[in-house]
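Asker: As a plain string of letters, each chain reads:
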Amino acid sequence: MTIKEKQEELVKEFSRYENWEDKYSYLIKVGKELNYFPEEYRTDKNKLDGCQSQVWINADFKNGKIILQADSDAMIVKGLIALLIKVYSGHSPDEILTNPPEFLATIGIDSHLSPTRKNGLGAMLKQIQLYAVAFKALKSK
Amino acid sequence: MDFTIPVEKSVQKDTTKRTFDLEKIRSDFPILERKVNGKQLIYLDNAATTQKPDVVIESIKHYYTFENANIHRGLHFLSELATESYETSRLKIKEFINAMSAAEIVFLRGATEAINLVAHSMCRGNFFDDGDEIIISEMEHHANIVPWQMLCERRNVKLKVVPIDDNGDLIFEEFEKLLNPKTKLVSITHTSNSLGTVNPIKEIIDLAHKNGVPVLVDGAQAVQHGKIDVQELDCDFFVFSGHKLYGPTGTGILYGKADLLNKMPPYQGGGDMIREVTFEKTTFNDIPNKFEAGTPNIAGSIGLGVAVKYLNSFDINDIISHEVNLLNYATKKLLEIDGLKIIGTAKNKSAVISFVVDGVHPYDIGTMLDTQGIAIRTGHHCTQPIMRRYNLPATARISFGIYNTIQEVDYLIEALNKILKMIR
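So the sequences go chain by chain: P and D. Under my numbering, the first residue of the first sequence carries the number 1, and numbering increases by one thereafter. Under my numbering, the first residue of the second sequence carries the number 142, and numbering increases by one thereafter.
Misleading hints may appear alongside valid ones.
Unchecked claim - Cut-off 25 angstroms, straight-line C-alpha distance, at most; resulting in silico cross-link-like pairs (DSS-like, lysine-lysine):
#, chain 1, residue 1, chain 2, residue 2
1, P, K136, P, K4
2, P, K29, D, K299
3, D, K165, P, K29
4, P, K32, D, K562
5, D, K562, P, K29
To be verified - Partial list, computed: chain D residues near chain P (C-beta under 8 angstroms):
#, residue
6, N178
7, D505
8, T508
9, T519
10, N532
11, A535
12, I564
No wet-lab data here; the hints were simulated from the structure. Don't be surprised by glycine CBs; every beta carbon is placed ideally from N, CA and C.
Only chain D is shown next, with the shape it has when bound in the complex (with noise of 0.2 angstroms):
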């Protein structure tokens, strides 16, 4: 799998790209440089969302004060500019996770979106029938539970969770356990947003297929950490939010397999996805502007694609590294640190690291962290299965970037130890 590639490897290095240097990445991102009360930000919050470098910011601001115009309808000068960027934007997308088509790549606003598309689209066509299942896992996101709720609800179909063990790896004997011939989807989370767990996803694509089963994966911490290629992987669905890859918020991804997409109806009626309207019948627009009702988030879309070409402008492998070393330093010294438990001890995981400390709220950890200028984040993480799992109300969880720093880690600490003291 892609995302396990060890680092002492040395995988064959890519010269075309840009050298992996820390100060110079971290120069990037203008909002490192600002201080929170009183100290230097140490920004731990990435899984929720990552900051922005100042490429995709001016991208913004370039499109708003060169390009503005609605797209694909207009024939003036500005319409045609904003529409090639825009679509020259899809191809960058396509391009970053190989999709076979840019027709494949819907723009919308998040992960969350895009499964709440896949999830009414199906919920109108003919994919299910009464008593049909769908599998997921007990370590989904809630945009990745909530949403098949709801089509269950309609449809009389079944949701089935495949369960994970205590260190928070999937058990995929019971995963297997569960595909039978009424199983009509499996949507799973590539890497948990709660515990790390990076999931052997190509692994459950290809089991899923062998029983004929469509397989949506939820990219949303993925695609930031790690290459993904759509047709290796053979996915039917893929979803990722841009927010999280260093492009704006209100952007994400849905890829979806071109035939699969033909066959959906639209989720959304409204200008962009129709081909011809009259009062007594609408024809609609080929994918992937059928998924495209209205004037969709251009600016947003625009900067997604220059983030895309920032993370492309590395060798994914440097990254990768970068980030496996921050998240064993860390474990390591977090270990050190009396009373405190790391929830999600997968073999396989992304830089995500959730913890408790014998008798002290997280919430506690969280506010005194942040009078120390150190954001992290508390609570359920949109997991709340996954907390009744580990019988925990909540989590302090720390999730690393590429500009993060291993003195940032030792800052962390020293910052823990000092508020534990404080607290107990």
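Just chain P, same shape as in the assembly (with noise of 0.2 angstroms):
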């Protein structure tokens, strides 16, 4: 699945929830669902400043492709993480810098974030994108 497709799956995903409730339900249950993150990933390097909870993100390149693993002392964070990693894990460096996350828009989540969360989520957006631009530089060594 592309980028493209993966955003439109999530999105028609959260259509089928009416109220905040239920959103944030489903968001806390994606969250539970991310993979188990390996200790030795739990570094200073990997987490990111800015947020009130704990989210730490790290990234390997294998045959051209970024693979997003993360985790968050909160479940709502886990979950916002765990759609980031759902969308842009697995796909190469130029994908990711050239597919922004419309989905989260679409989805609501962008508006009824606070600015405080707001930030955390960019932050974490930026720095899959710093990923990427990183693995992109290396590659084209």
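Hey, can you piece these two chains together into the complex? The hints should help.
Answerer: Written out as structure tokens, the structure reads:
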């Protein structure tokens, strides 16, 4: 599936939920389903600043694709990062960089998250894009 | 102490005051009618800021509609009118905390600016020698830590910290031990914003004074919940924010004993604080104007006077007993929730409850309660040393105001139970 298709799928999934409680329930469920995060990845280097909760994102580069793994001590934040991983993990740096996360606006997550939370989401996204830029540069060497 | 007046003691009722009718009180605050995320707003973040009654909102509109002009300098009609409103507000504040004179009341942006003023001014003046000490406590808001650290760095002064025990009570014996001839100032909170602890402030002041040490009291979490009488307390400085006492944001008060304020050099230079300016030398105005450089927040300060008048329209004992009821009821109900722990169980507490739930991040609690229209605070509450003391990254905090109800507590508990089931 392309990033675009994955985004469309998430939009479809979220459209099933009418109220915010159900949307958050889904978000929490997605977070709980997030793969096991290896302890050796829980480093300061992988830790994001500027969130009320703790967030770690690790990126590996295999066969031209970026493999993302992440964790957070807050369930909702974990759900948000899980959404980003669903969309972006397993894709090339170019694919990641040319496909902005339009689905966030469509499912209403960007407008319903307060500034501090939004920054958390923004910081997570920025980190994923930074990894993509870094691996792209590495590849072209 | 004023704060501890138990409800059952039935203090003489002040019949000139408004009856404490919760429904009527709620109708004074227009924002309480609004919906948030499709639900009726339940505002439980009063320690961060309180909502404003319509008399305060109207006073600001009235000022800009009928009185707006710059104060103190103009001799035209509007300027005199604005000056009179602004100075009348100062008088109301003076009466509110029972200062000796209105000259001891400085209008500022908030409690934070008030502490910064004292720290900066004392730093510039002759108040400290090398090796002197300032005592604060472990439960201070960052606003009562950082300004002193900045002073300490510049003046080679040491910051000493009175520890708290596991309940969040100040360890008084440690305070006694820290006091010594090098102590030049005690700066301490009356009421902790994250633990709710109400400190034995009168005893602290008395002991400091016995040692010849002046005391600054951070009253940001105290003035809205009980009677403050600065002459009875005999504190040397008392600071508070207007927005936490149902007044406008960007307003706050520094009370200082006149002889101290007179000795202190100005904090900022500019208009209104001068007597005469030449390029060679400037002489300064008297207190309080010496500390009010530039055009102040005139509308806000007038609004603060109105807020104080609003609060004064009630018998303070009615407010105290209402908030004690809310605190006790909410504490009891919260503790029935499995895995919930209250952080801050001091003997004498204000209507603030910090809590954590086993295995659940406060962030999730705050976010999910918001979907239910309930506003609470999560995070470190600008008291990172307290979080470190309890080895917590954050807590969830509910804090009550005059307009909160038992029904709102019930709704909160119901919502908490629901969301904890979802998160866990």
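Asker: For each hint, tell me whether it holds in the structure or not.
Answerer: Hint check:
no., hint, verdict
1, K136(P) <-> K4(P), "holds (20 angstroms)"
2, K29(P) <-> K299(D), "violated (51 angstroms)"
3, K165(D) <-> K29(P), "violated (43 angstroms)"
4, K32(P) <-> K562(D), "holds (14 angstroms)"
5, K562(D) <-> K29(P), "holds (12 angstroms)"
6, N178, "holds (6 angstroms)"
7, D505, "holds (5 angstroms)"
8, T508, "holds (5 angstroms)"
9, T519, "holds (7 angstroms)"
10, N532, "violated (14 angstroms)"
11, A535, "holds (6 angstroms)"
12, I564, "holds (5 angstroms)"
In this structure, the hints that do not hold are numbers 2, 3, 10, in rising order.
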